[in-house]
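**Q** The primary structure of each chain is shown beneath.
There are 2 protein chains.
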Amino acid sequence: MKQAVLIALGDELLSGARREGNCGWLANRLALAGWKVLRMEIIPDGLGALEDTLALWAGKTDLIVISGGLGPTHDDCTRKALARFLNAPLQVNAEAYNRILARYPSEMRENLELCRISQGSVPEGAQAIHNPRGSALGISFLMEGTKICAFPGVPDEFKAMAEQELACEMSVSDCRMRSLIVVGWPESLLKDRIAPVVDDPSLHISILPSSGTVEIILRGEPVRIECAARTLRELLPGDCLPEGCFSVAEDLLREARKRNVTLAFAESCTGGLLGAALTDISGSSDVFLGSAVCYSNSAKTHILSVSDELLESFGAVSSECAIAMAKGALNQFGSELALSVTGVAGPGGGSEEKPVGAVWFALAGLCGERAFLHHFPGDRLQIRRSAMNTGLLLLRKTVMELNIL
Amino acid sequence: MKQAVLIALGDELLSGARREGNCGWLANRLALAGWKVLRMEIIPDGLGALEDTLALWAGKTDLIVISGGLGPTHDDCTRKALARFLNAPLQVNAEAYNRILARYPSEMRENLELCRISQGSVPEGAQAIHNPRGSALGISFLMEGTKICAFPGVPDEFKAMAEQELACEMSVSDCRMRSLIVVGWPESLLKDRIAPVVDDPSLHISILPSSGTVEIILRGEPVRIECAARTLRELLPGDCLPEGCFSVAEDLLREARKRNVTLAFAESCTGGLLGAALTDISGSSDVFLGSAVCYSNSAKTHILSVSDELLESFGAVSSECAIAMAKGALNQFGSELALSVTGVAGPGGGSEEKPVGAVWFALAGLCGERAFLHHFPGDRLQIRRSAMNTGLLLLRKTVMELNIL
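Chains Y and G, in that order, are what the protein sequence lines are. If you're matching positions, the first sequence starts at 139 in our numbering and goes up one per residue. If you're matching positions, the second sequence starts at 139 in our numbering and goes up one per residue.
Keep in mind the hints are simulated off the structure, nothing from the lab. All clues stand as given, with none of them false.
No more than 25 Å apart at the CA atoms, straight line, and that leaves these computed lysine-lysine pairs for DSS-like:
| # | chain 1 | residue 1 | chain 2 | residue 2 |
| --- | --- | --- | --- | --- |
| 1 | Y | Lys174 | G | Lys218 |
| 2 | Y | Lys396 | Y | Lys535 |
| 3 | Y | Lys285 | Y | Lys140 |
| 4 | Y | Lys218 | G | Lys174 |
| 5 | G | Lys218 | G | Lys297 |
| 6 | G | Lys535 | G | Lys329 |
In isolation and in its complexed conformation, chain Y is listed as follows:
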């Protein structure tokens, strides 16, 4: 496996004023082409840090890519650092720089002329890399078997020059990486369930939980990956999203679409998160009709026809209210299925009987009426997010169990 180290220069990255994106992008492209990225280092502007980092990795990796520090300002020192590292003088590369000048209108050329030295010079013996999107030349050379490239940090320029200079390195030969998204499993339980695959020494596996899903990334020989993916699907029937599908919401829409089933929500504590999750996905309108976000009791009564008596007897956080809300949404939107959510998101409003984190879900429509109680840990943000994820999972499961395919 070919190995790379990626370096980004910039005080603005280290002060958190800007997020690094170039190395992340390149890492992804290299990974897809079967490379292993050993490190990404974000280092300050200036000579010392870059020289130290180069000294650490030159000769120990196949490729080093540097992002940034090639522009015209005083803190752009990459050219100088590379010249010192190579122990070679900087030379203006007139031919390459004239190609850049020619792209600009004549009135701008005069200013660019001043930048010739700062942006158009390259250490003696190194290659100048043409910049199709700007005026700073890139630099490339070989040192102790390591190819070292430097591109400007402006994302457009970095990407264009990397695509050009690293075309061979980034070409995807075969499928050495595959990602599976698992729904409805907490990371800790999932780990035990998929132990046979995780323990396979011929694969490199990453397990990445994000809200409501866990992503399993498999890397290794294509045949081993294929086999592991099959095993995972067998170990987790119905819980792996299909290829090309990245969220529960997306899969829910797909499953509902297959069955010609339309959906609606009645949301209290999620306040619109469920609707937002489905409408995030383009083309959701054929399946998703709408959501009644009824935060106040009067809205529940008026829009969802939850009776005052019911609210008085059982309260808004109850199976009775949840079912009435789901039926109300079904009726208002005319959908085949409706899901309701009503709970205590906190931090206020909890009681002994209905503590913060208690959330009722109800389904109505083709599946009949049912209600479920969950208790979610965490703060308001987490409780609302868990309620949204659980609601989507419940509805997906319900849709998949409908016998109308």
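Assemble the complex: chain Y is given as a structure, and chain G must be docked to it using the hints.
**A** Using the frame of chain Y, we list chain G on its own:
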């Protein structure tokens, strides 16, 4: 100036499957508190890389913060690496872990018990850091004058634990820094507007745009900051949020509450984002009654009483439909003000007359009826987010102009 090195572990970061965000966030917080971040290093899962990096920086910097590798899965090796680095055995910290267990319902506890060792152990002599948002304990210790902390990589958990454990380090001690949040200005125009303040050589100013707001951070002598903040509020009347208020939604609720005005939404292309933004904030129920997410035309007709004729003559993305939707929400929820949003979020559904990014907003209620057309650039995600931000700004402005204080 105190110095820090930030380390993020994760093969998924090095393969570009996930973008690093924790160190970027912390770098920003530390920079605001006057720290200098020397490096951010993204290193692979496993023992060796972390031990090497710690050996390189321990004793040479005031603080090292590690993100990731504390979860229950096989690739989570931070605990083991720290124990080896400290040359001390791992010990289960029963007290801290029982506090976590107590938060979970009893049926989940049994499974978590199994994770005790993997998530609840800490090297002998190191401190266990309580995790308020999850089950993996953090670790903290001092080595050669360097404070070394490790937090889980899950962003919510990382941030909550860093806020808690690094409260002193991140505290902005005196009035040498002030942050102002400006709403409704694109960064490029804002820079010209506030040039007199930006050009003041006695201040250090950072301008950080985030979605819908721009944060201006002023650093320098307290007197100069005070003066600059006053000038900024004069240059941007009504566009700076009050001290202690961090989002447009929060300020909107505050302004509405002052005037005893209740709010409701009718959402089409935002699909619930507006409702979710207000209900994100605890205690919003006294002001926010609800939102009718009417994605389909039939829902607009049925719930918001938008007539079929209107939809046929003008279409759903029109000032006429927007006003009818706002009136429908006003009527359904019985609020004092209602805002509607209907537009083309794309990527499909655009036409020459109504291109992708065209979004109508309408207000109804105490302010009378008005409609506004905006054209937003970007993809579906950006258009929906811009529509949400613009909707909140419009409603905030409308509330502030009501003469009923």
